[in-house]
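Student: Take the position in the sequence shown, starting the count at 1, then add 23; the result is the number in the numbering used here.
Derived by calculation from the structure, the hints in this document are not laboratory data. Worth double-checking, as some hints may not be accurate.
As the list claims (entries may be wrong) - In the PhoX-like style, the derived pairs of lysine-lysine whose C-alpha atoms are separated by at most 25 Å in a straight line are:
1) K190 to K239
2) K197 to K93
3) K158 to K189
4) K190 to K154
5) K158 to K93
Said to hold, decoys possible - Label-pair ranges, simulated between beta-carbon atoms:
6) E179 to A119: 46 to 52 Å
7) R147 to E173: 24 to 30 Å
8) R178 to E153: 18 to 24 Å
Idealized CB from N, CA, C, for every residue including glycine.
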Amino acid sequence: MFRSSGRSSAFLENADRRSILPLGLSFEEILSEFILPSSLKEETLPVRTLLWGDEAGALASWVAGWMALKGFGVIVLDGANRFDPYKVSLVARKAAVPPDRVLKGIRVARAFTSYQMETLIVERLPQLLEKAFQKPWVILLGAITPFGDEDLSDREVGPLFERILKKMEELSLKGIPLLLFQPSIFPSARREYLMKKLFSFSEEVWKVTLESGGLKWVLQKERAQSLETAKPRLPSLKPLPTERVHG
Numbered sequence: 024m025f026r027s028s029g030r031s032s033a034f035l036e037n038a039d040r041r042s043i044l045p046l047g048l049s050f051e052e053i054l055s056e057f058i059l060p061s062s063l064k065e066e067t068l069p070v071r072t073l074l075w076g077d078e079a080g081a082l083a084s085w086v087a088g089w090m091a092l093k094g095f096g097v098i099v100l101d102g103a104n105r106f107d108p109y110k111v112s113l114v115a116r117k118a119a120v121p122p123d124r125v126l127k128g129i130r131v132a133r134a135f136t137s138y139q140m141e142t143l144i145v146e147r148l149p150q151l152l153e154k155a156f157q158k159p160w161v162i163l164l165g166a167i168t169p170f171g172d173e174d175l176s177d178r179e180v181g182p183l184f185e186r187i188l189k190k191m192e193e194l195s196l197k198g199i200p201l202l203l204f205q206p207s208i209f210p211s212a213r214r215e216y217l218m219k220k221l222f223s224f225s226e227e228v229w230k231v232t233l234e235s236g237g238l239k240w241v242l243q244k245e246r247a248q249s250l251e252t253a254k255p256r257l258p259s260l261k262p263l264p265t266e267r268v269h270g
């Protein structure tokens, strides 16, 4: 049985070996037993979960497809231009479901600049949530990626990113489940502090890397609730395609 080692005191890299999930676990087991359970409990607010690493871009597409297949509404806000509908189609075909049916359950909006990202989250996202038939999951892919523009001054970047975090916190407190995916490749060392802010904002952080035996999941920041007691579990799903995940 997996046991977590407690909240990490270091930024991003100093995970205890006991917080590493076994490579033998399936994608569905990891999602249904470790990533999503506390956000499905009606009596508690959803957990703000960050998954980061080279595979985060591809992983966001798999997760969006998997959740749409389970019947959840999904909104994807893509600031990294990494969302891949083809991977969603693979999830659907593996479950013998028409891909169009699954893709219709996912709303995708993209941002290519920091100002577009701020507008997308602060203004556009609340509008999308108002139109949603049921409370959807929000997948934010590459929240800090558009902020790598060297022409932007820190004086511009700071307030923009703070408004994004403030709006996401407001939505989280209203019960909107947030999954944050951040590719690790970041063009400007000047903006590394944004990753620290995102890490601090998130209540749970997983680093995901691709190794020879599969995806390696390392818990680097733990939610307050014990992972072993988180309920309910999602029903199991047919295995996903065995294609290697590329970022």
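Student: Could you run down the list of hints and mark each one as holding or not?
Tutor: Here is what the structure says about each hint:
no., hint, in the structure
1, K190 to K239, "violated (31 Å)"
2, K197 to K93, "holds (23 Å)"
3, K158 to K189, "holds (20 Å)"
4, K190 to K154, "holds (18 Å)"
5, K158 to K93, "holds (14 Å)"
6, E179 to A119: 46 to 52 Å, "holds (49 Å)"
7, R147 to E173: 24 to 30 Å, "holds (26 Å)"
8, R178 to E153: 18 to 24 Å, "violated (33 Å)"
In summary, the numbered hints that this structure violates are 1, 8.
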